[in-house]
Structure formats: structure tokens, C-alpha cells
Amino acid sequence: MSEETVEKKIILKEEDDYIVNMGPQHPSTHGVLRLEVCLSGETVNYMIPHIGYIHRGIEKMAESDTYKQVIHLTDRMDYLSSHINNEAVCLAVEEALGVEVPERVQYIRAILDELTRIASHNLWWSAFGMDLGALTTFFYGMRDREKILSIFEESFGSRLLHSFNTPGGLLHDVHPDFRKHTLEYVKYFRKKLPDYKNLLTDNVIFHNRTIGIGVMDKKMAINYGVTGPSGRGSGFSCDIRKAAPYGIYDKVKFKEILYHEGDSFARYKVRMDEMVESLNILEQLVDNMPEEGGFTAKMKPVIKLPEGEYYQRVETARGELGVYIVSKGAKYPYRIKFRSPNFSNLFVLNTLSKGGIIADLVAICGSLDLVIPDIDR
Amino acid sequence: MILDIYSFSTLTSSIDNSLHNMMSPWMATLTEFVLVGIVFLLFYALLGLFLVYLERKVCAVIQNRIGPNRVGRWGIFQTFADFIKLLMKELITIKHADKFLFNLAPFIVIIASFMAMAALPFAKGLQAIDFNIGIFYVIAVSSLGVVGILIAGWSSNSKYSLIGAMRSGAQIISYELSVGLSLLAIVIFSGSMQLSTIVESQADGWWIFKGHIPAFIAFVLYLITATAEINRGPFDLAEAESELTAGFHTEYSGIKFAFFFLAEYMNMFIVSAIAATLFLGGWMPFHIGGWEGFNQIMDYIPSILWFFGKTFVVIYIIMWFKWTFPRLRIDQMLNLEWKYLLPLNLMNTVIISFVVLMGLYFK
Amino acid sequence: MEKNNEFMESVSKAIPYCALRQDTQYPELIVPAGKLHEAAEVLKNYKEHPFDYLVSLTAVDHLEKFTMVYHLESTHTHTMIVLKADLEDRDKAKIDTVSDLWITAEFHEREVFDLFGIRFNNHPDLRRFFLEDDYGYPLRKDFKDEVNIIEYPN
Amino acid sequence: MNSTIKYFTDIFKGVLSLWAGMRVTGKYFISPGEIVTEQYPENRATLKMTGRFKGEVIMPHDENNQHKCTGCGICELNCPNGSIEIITKKVPNEEGKMIRAIDKHIYHLSMCTFCELCIKTCPFDAITWGQDFEHAVFDRAKLTKVLNKPGSSLKKKEVKS
Chain A
1 MSEETVEKKI
11 ILKEEDDYIV
21 NMGPQHPSTH
31 GVLRLEVCLS
41 GETVNYMIPH
51 IGYIHRGIEK
61 MAESDTYKQV
71 IHLTDRMDYL
81 SSHINNEAVC
91 LAVEEALGVE
101 VPERVQYIRA
111 ILDELTRIAS
121 HNLWWSAFGM
131 DLGALTTFFY
141 GMRDREKILS
151 IFEESFGSRL
161 LHSFNTPGGL
171 LHDVHPDFRK
181 HTLEYVKYFR
191 KKLPDYKNLL
201 TDNVIFHNRT
211 IGIGVMDKKM
221 AINYGVTGPS
231 GRGSGFSCDI
241 RKAAPYGIYD
251 KVKFKEILYH
261 EGDSFARYKV
271 RMDEMVESLN
281 ILEQLVDNMP
291 EEGGFTAKMK
301 PVIKLPEGEY
311 YQRVETARGE
321 LGVYIVSKGA
331 KYPYRIKFRS
341 PNFSNLFVLN
351 TLSKGGIIAD
361 LVAICGSLDL
371 VIPDIDR
Chain B
1 MILDIYSFST
11 LTSSIDNSLH
21 NMMSPWMATL
31 TEFVLVGIVF
41 LLFYALLGLF
51 LVYLERKVCA
61 VIQNRIGPNR
71 VGRWGIFQTF
81 ADFIKLLMKE
91 LITIKHADKF
101 LFNLAPFIVI
111 IASFMAMAAL
121 PFAKGLQAID
131 FNIGIFYVIA
141 VSSLGVVGIL
151 IAGWSSNSKY
161 SLIGAMRSGA
171 QIISYELSVG
181 LSLLAIVIFS
191 GSMQLSTIVE
201 SQADGWWIFK
211 GHIPAFIAFV
221 LYLITATAEI
231 NRGPFDLAEA
241 ESELTAGFHT
251 EYSGIKFAFF
261 FLAEYMNMFI
271 VSAIAATLFL
281 GGWMPFHIGG
291 WEGFNQIMDY
301 IPSILWFFGK
311 TFVVIYIIMW
321 FKWTFPRLRI
331 DQMLNLEWKY
341 LLPLNLMNTV
351 IISFVVLMGL
361 YFK
Chain C
1 MEKNNEFMES
11 VSKAIPYCAL
21 RQDTQYPELI
31 VPAGKLHEAA
41 EVLKNYKEHP
51 FDYLVSLTAV
61 DHLEKFTMVY
71 HLESTHTHTM
81 IVLKADLEDR
91 DKAKIDTVSD
101 LWITAEFHER
111 EVFDLFGIRF
121 NNHPDLRRFF
131 LEDDYGYPLR
141 KDFKDEVNII
151 EYPN
Chain D
1 MNSTIKYFTD
11 IFKGVLSLWA
21 GMRVTGKYFI
31 SPGEIVTEQY
41 PENRATLKMT
51 GRFKGEVIMP
61 HDENNQHKCT
71 GCGICELNCP
81 NGSIEIITKK
91 VPNEEGKMIR
101 AIDKHIYHLS
111 MCTFCELCIK
121 TCPFDAITWG
131 QDFEHAVFDR
141 AKLTKVLNKP
151 GSSLKKKEVK
161 S
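Chains as they are written, first to last, in my numbering: chain A, 1 to 377; chain B, 1 to 363; chain C, 1 to 154; chain D, 1 to 161.
Calculated from the structure, these hints are not laboratory results.
Note that beta-carbon positions come from the ideal geometry of N, C-alpha and C, so glycine has one too.
Among the hints, a few may not be true.
[As the list claims (entries may be wrong)] Straight-line alpha carbon distances no greater than 20 Å define the calculated EDC-like cross-link-like pairs of lysine to aspartate or glutamate that follow:
(1) Lys159(B) - Asp16(A)
(2) Lys48(D) - Asp177(A)
(3) Lys192(A) - Asp273(A)
[What the hints assert, rightly or not] Far from chain A, by Cβ distances over 10 Å, these chain C residues were calculated:
(4) Phe7
(5) Glu9
(6) Asp142
Kindly produce the complete structure, drawing on both the sequences and the hints.
Next up, the structure:
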């Protein structure tokens, strides 16, 4: 194959295409994503995503950071599940070093994971409602999410970007009221779930907007690598908590939510059910959380990973996050790669939205739950 | 019996008489035109600002917030501050826009809503023109606004605006039918198109009660179609901010944007006022047949309060829609009209004709 | 683990030109760059459990060579294996695309092309993702940003 | 016939579901419950951050204008963003020997990502989190802060007896 054929510019635009640029600043792209949409009337002919508006080169930056310093960069990828991102790196480092973290730490991490997941899904619910024009959902979802963030703030001192994990454990012990407040939250949120159901889940307009829109079958989901709730809405069993359990998850009883319709509504239902499932996990974990055991394992002040390659997968609120670390024995990672869930999830958008109309594009884009900094990294 | 102390006819006729005594008849008429114009302009602006404030408060309460609370007590001057801000903003001229049409569009929109106000009976004896085809006039005039929206979308030379305007055109033209048909229900009941006659016919009970089930259905259908007619609530496809950023007024700024904004809220007032007039008795107090004492107490409440009270109830319901429902898609919205609302309306019209013929409604 | 070993042996038999490593976290198959597509196709359509899910695709710059790393998973059994190929020629690094097998590879490969400068034969749409056409390849170890270098005073 | 029945049941179900949604918002309209709006500048007096809140890095000084920072530079090493700079000087101690002491502990708030590594790794607990969160200034230079107060000195270690 010659050089020229590889590098040829692919011409995607016809002269008389009606191109509408959605983004980089657009209310429904949730960040600086630019969708170049070709329309005929209101029907979407094709759509090209343009990314890279907030690419910060985290992978390059991480090459000159120690393993403890990498943590704070991962916060800034998928900022809505920053705790889970932290955990991915920590778990990779711990596995490489063969460190056994105390059980209490594993419990706390799992509790925080689930709280993060609920907070993230809450925000998605609010934003999805707003994408579809139900403006009140935004405030109800945010109201309930703030409660979780207050629990976070009490323990970590920050609401969004915690950097609370560290290789070997946690930076601090959790706040003494942590258990009490978590249980209070579980009770509170269970009471608010009927509102969610009445306001959006059962609404006939919402059904019309989402059922049968953006249908993705299982094969397509696997082929595109669409993971997380979006993949599980298509029947792709991809919950890392089940497939490759990490931390305490092999001791927790929970269901993997699977829907087989593969449309926007199935993706919505998966997330709604996952919130309930997360509440169940929280109830199990908080009650059994050991009081003793400290909050960190004994670690050397300078962490040097033995030479080799390590891959750690965790389930964030949006799908499978993979951390691939190549170490050459130094205190810096030689190469670190984040397989971010949103990067794979984004590119299915073109196929799903083809043939729909603009409103469908917005609904599908919302149902995939994209976080742009995670795509760009 | 309705008390005459709150009637405005003595006031208006005395002004009319004194003007006629002072000057020649056509000068008097001209002065009256100007006076009515000034009163309406003031009323229009103040009510528009108040409605914007009301909307913000209502949605804030629904959403567990406080809403505007900084400018003045409870933030009542917030919208005035916003209006002053809009007045002082730069009018951005768009490159390649059709300048004449671009500047014309806001005026068409606002004139359409202004004209519709002329026929509204605000209180006993307070009505600018009492047409004998009042309803017909209101329907005809209020649908002029879509021309302005189409012009705005076309002339601003923006793709978002154009899509928004086209959506709006498709939407309003189809929903006109249902609005007309649901108002026809009351025309059949009362046997008149004159708004004052319709109000008088509800002296002993409002049509929504007298006409029982069919009138109630007509009222619900009217609420839905009217919400669509004024581009609000779940039918705000023309602006659809999550899809088209701001739809047909994306490119407008400053006072021109304020015109669109004001016209939208005044349209909401007008459709609510029509609903109040036709279904809820207009300025007629709430009467129950046979309860003389109760009826007399009701009569002591001024008719203008009755009118505005009823109108704001309807306005609240329309706001309630907006802050609850997700937006429809354009094809679903046309489906809703042609497959559900129009057949139901036609059926309802037939039922009402039958009911009226057989005299099955409360008289 | 025993069964897994046997399974890996049978996989490596199906791809006779590969080198199998079992002592790592996940079993690794190292194939020559020219045969990568062939090996990937065998794995994708492997009879027992096809590796139908491409988890991650990336490259590592080892200064003397590039290593392409493919993490594959079988969605039936959740078995992971790693497919690797070394690219010796750094200046004209080229490898066959696997985007015809897993569509997700199309975008991961574009990212690798953007950041490493590895070209993919037969790729349907090989354009740069984040950076301009004349920008360097930042994830290469010898990359030096001469324009935007920020050095903190120490 | 079936389709006709379905047509009307669809309408009925649709209206019911819409009414369910309107009940939720209507309920909140009548009894909003807790109002979530924070009246921020007004509630400054009552606003209390949680004890662990990461406002900014500060260096506590005691009443004698003494702090615990020895100028070892571990925080500077651990900071991933280079937001801490330590400038040391030589001062004579009691025996007249010149020893290293801190001259300026410079903290660039503008570069800080609040990862807590400096505070966590400080061997002398010299720095900690401040609770102030109002960082907005008109001049970027004001975000570069000197944490040790002028004229401050190192706190003597309490002699264990």
C-alpha cells in the first residue's frame, strides 16, 4: 500500500449539503464537543464529531509525574466519576506492588464508588431531561446530587475533584458522620425516586421521544466498544464489577442491569435501575463496614513499580475505564494510557443518529451520557 | 343581578361625551384613538414585564428555588432592570441578513399580539371595540404573528433560525384549526360570536359548568392547542434551546429581542384571556343558581378582578405545563394535532351541536 | 488457571507464528507486524470464544521501536488477552488497520496516529484528531515542543 | 374496532401520565419543602465550611509569629504543578552555626489543583488547609502568596522530657 493512498483526504462534504455546526458551544453537547451535522430538512444525513477542544495531554503529563501525582490528573478526565478514576490507578499500582489494602479501605472505596455513581447518574438524569425540554428535572436532579456532594465535602474537603484515593489506601479516614449521613441519604433518595418516575419515566411525551430512538443492537455495541449503561441497554453484559471484580465487589450482592431493546429508553432505564441497585449496594456495605483497620496500607514514600505492564479495568458511571501502565522500574510511569469509556461511546453517535431528526440526535446524545473531558483526556 | 357600581360604561361614556362637547366629532374620535392607544401601550408593557416576573417566580417555586429576589422587595423590579439592560444593549446587525425584513419582523410579531388585545372585554364596559365577530377577529389577528416569526427566521440568514421558523410555521398553521374548532364550541353554545354577548350569556353560570362534559373537553383541547399556538411549554419547538439554541430569535439582540420576548408573554396573556372569557365567564362573577345571598356577595367583587383572576389561573396552568413536560418532536407534534386533537375536536363539535339541539345543557 | 493455560496453548497453535507469554498479568501474544491483521482475524473469529470486543488499542514508544498493544476480550467468558506487535522502523511506522474487524479500532487508531504518528494501512478515515497536520507526534519519547515549552523556575 | 379502543385508551393513558407529572410539580408548587437556593453574599456570616474544606494552603503561625516550616522542600518536590516554591536562607543558630531556614514559602494559588499532596507529605505539619474560598482577585499577581509571615521564625521543637 502506497503512502499516498493512506494519507488521502477523505472528502465527506458535498457542495450543497446543509451543514449545521452543533457546538463547540451548544446547550446539548454537554461541553466543548462539536458535531458537524449534515441535514436535509430536519433529517440528519450524517454527523461528524470533532473533538480535541480541551485536550490536555494527560497521558503525556503523567509520564513526568510520580504515581501519587498521577491521581490528581485522573480526576480531571471524567470529572463526574473522579473517585472511580482515582481508584483505577490506585488498583493498578497496588496490584503491581502486591500490596494488600485493608478491608475497611475496600469498603469505603466501594461506598464512595456507588455514591459517585448515583451522583453522576443524577446529573445525567437532570441533563437528559433538560435536553428533551423538561427543565424542571434539572433542578430536582441537582438538588438530590448536592446531598451526595455534601457527604463528599465533609470527608474529602472538595465536592467534585476529590483526589481522595492514594496508592495503598485513602488520604484520610472518612468523617465520623460519614456512615450516618450515607444512610440518611439512602433513605432520602428512596423517597425521591417516585418523583423521578412520575416526572419523566412514565411520561407519555418522554416515551415518544425515546422509545425506538437510536436503536443499537448487541453486536453493534460490542463492535463499537460501547460499555457502561449505554452498552447494557443493548444487552451487552459489560459490567466490570461482575466480569472482573475488583475491590470488595465480589462479596457484594447486586444485579447487573440488562435491557435488550437498545434504544434511548433502554439506556435510560438501565441508569434509573442502576441508581436503585447502587442504593442496595450502599445499604449492604454501610452496615458491614468495619470500624477498625485503618485507612491505608503501609507504603514506601517513593513508589517504584517493578518493570512490566499492568492493566486495570474499573466500571465508572459511564462504562469501562482501563488504565494501562508500562513501567520501566522508575518512579514515573513510562507510558500510561487511559482507555476512557466516553471515547468509544461517542463514535457510535454517527451511526445511531443517521436518518433521525435533530431532536433525535439530541436525545441520543443525551442518552449516551458523554463527558467531553474524558473523550479528550 | 350584577351591580352597576363597578361598571366602566359610565366612566367611558362620560369621557366620550366631554370629548364630543369640546371638539368636533372626528377630532374627538381621533383623541379617543390616541388615548386608547396610550393606555394599551402602557398596559401592554407593564403586563408583559409582570408576566415575565411571574413566570420566573412560578418556575422558581416549582423548582425549589427562590427566584429573583435582589432588585426590589421579592425582586419585583428585576424584570424592569432586565428591560433597561435590553434597551441599552447593542443592536447587532447581521452580515448578509435581509436588513429590511430583519428589522420588520419584531414589529409584525408585536403588532399581531397588540391588535388581538383590542377585542378583549376586560371588565363590564371596558372593551376597546366590541365587534360582532369578536372571536373570529381574535383568531384571525393572532395568527398574523407567525408571519413575523417566519420573516425573522428567513431574514436573519442563520441555519438555526431558519429551522426554528419553519417549525413554527408548520406548527401554528396546523394548530390554528384546533383553536378555531375548540372556540367554536362556545359559539355554538352561546349562539353568538360577539365577546360581550358571550360574557352576558354566562351570567347565571359559566359555560364550562353549563356545558358540562363537552364544554370541559373543549376547554382542555383549547388549553393544549393554545399552548402550541403561542410556542410555549412542551410545544416550544420554534426555540427549542437544547436543539436550536434559540430558534428564530437566535440572531436578535437588544430591543428587537425584547419585542419577541414581550410578544410571547402577551400572546400567553391573550390566549388565557380568551379562555377566561369564553369558558370561565369573563368578568362575570361566580354565580350558583338559586343561592341569592352567595351570588350577591360575589357581585361585590369588581368585575375587572374577576377577569384578571380567571386569566391568571389559566396563565398559571400554561406555566405549569411548561415546567413539567419534556418537549415534543416536530413530527410527533403534527401527529398530535392531525391524529388526536383535530378528530377529537371535530367529534366534540358534533356532540355539542347535538347537546345544544336537544337542549341537554344547563340553562 | 490450568484450563486457561490449555486454552491459550490452543490459541497459540491456531496462530503458529506468534510468541506466547503467560507470565504476565494477561496472556500475551506477540506477532510480527505484517501478520497482525491475520492474527487479529483468527482471534476475532476464534471458534470457542471469539474475541469480539476490542477493549483498548494503544501504542508504546520504546525508543528503538513502537509496540502496538491490543487488549481483547471475549464477551462470553470475559477472558482477556493481549495482542502485541513491534514496529521497528520509527520513521515510517506502518501497520494494518483492524478497523474492519472492530469498528471501535477506527477511532483508537486515529488517536494513535495523531499522538504517535503510526500509519494504518487501509484505514477508512485517517486524519488527525486533536492536533494540526504539521504538529509533531507528542507521545513519542523524543518529541520536543519548541513553541509552547513552559519551564518553571527552580 | 380494536384500533379504535386502542386509540382512546392511548389518549386516556397519555393524559393520566401527564397528570402524574403535573401532580409532582404541583405538589412542589404548593409545598416547596426545602428551598435549595444559597443566598450567598448575605449568608457570609453563617456560612461555615466543613473542617476539611480545601480552600487554600496556609501556614499556621502561633502567637509568637512562629511556624513549623523548616524549609526542607518536600512539599515543593511533591507538588505536581509546581505551585510551591521554597526560597531558603542561611541563619545562625544558637551555637553560631549557619543552618538552612526558610526565607519565603511561595504558593501559587493559580496553579494549585488541591490534590493535598504537599500537606500530606509535610513531615512537620507546617502547612494545612485554610477555609477561605473567596479567591477572586483583579490581579493575577495577587494569587501568588507568601505563606510565612514577615519576621516569622521556626518554632522550637518541644524538648521531650
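Results for each hint:
| no. | hint | in the structure |
| --- | --- | --- |
| 1 | Lys159(B) - Asp16(A) | 14 Å, holds |
| 2 | Lys48(D) - Asp177(A) | 17 Å, holds |
| 3 | Lys192(A) - Asp273(A) | 14 Å, holds |
| 4 | Phe7 | 17 Å, holds |
| 5 | Glu9 | 22 Å, holds |
| 6 | Asp142 | 13 Å, holds |
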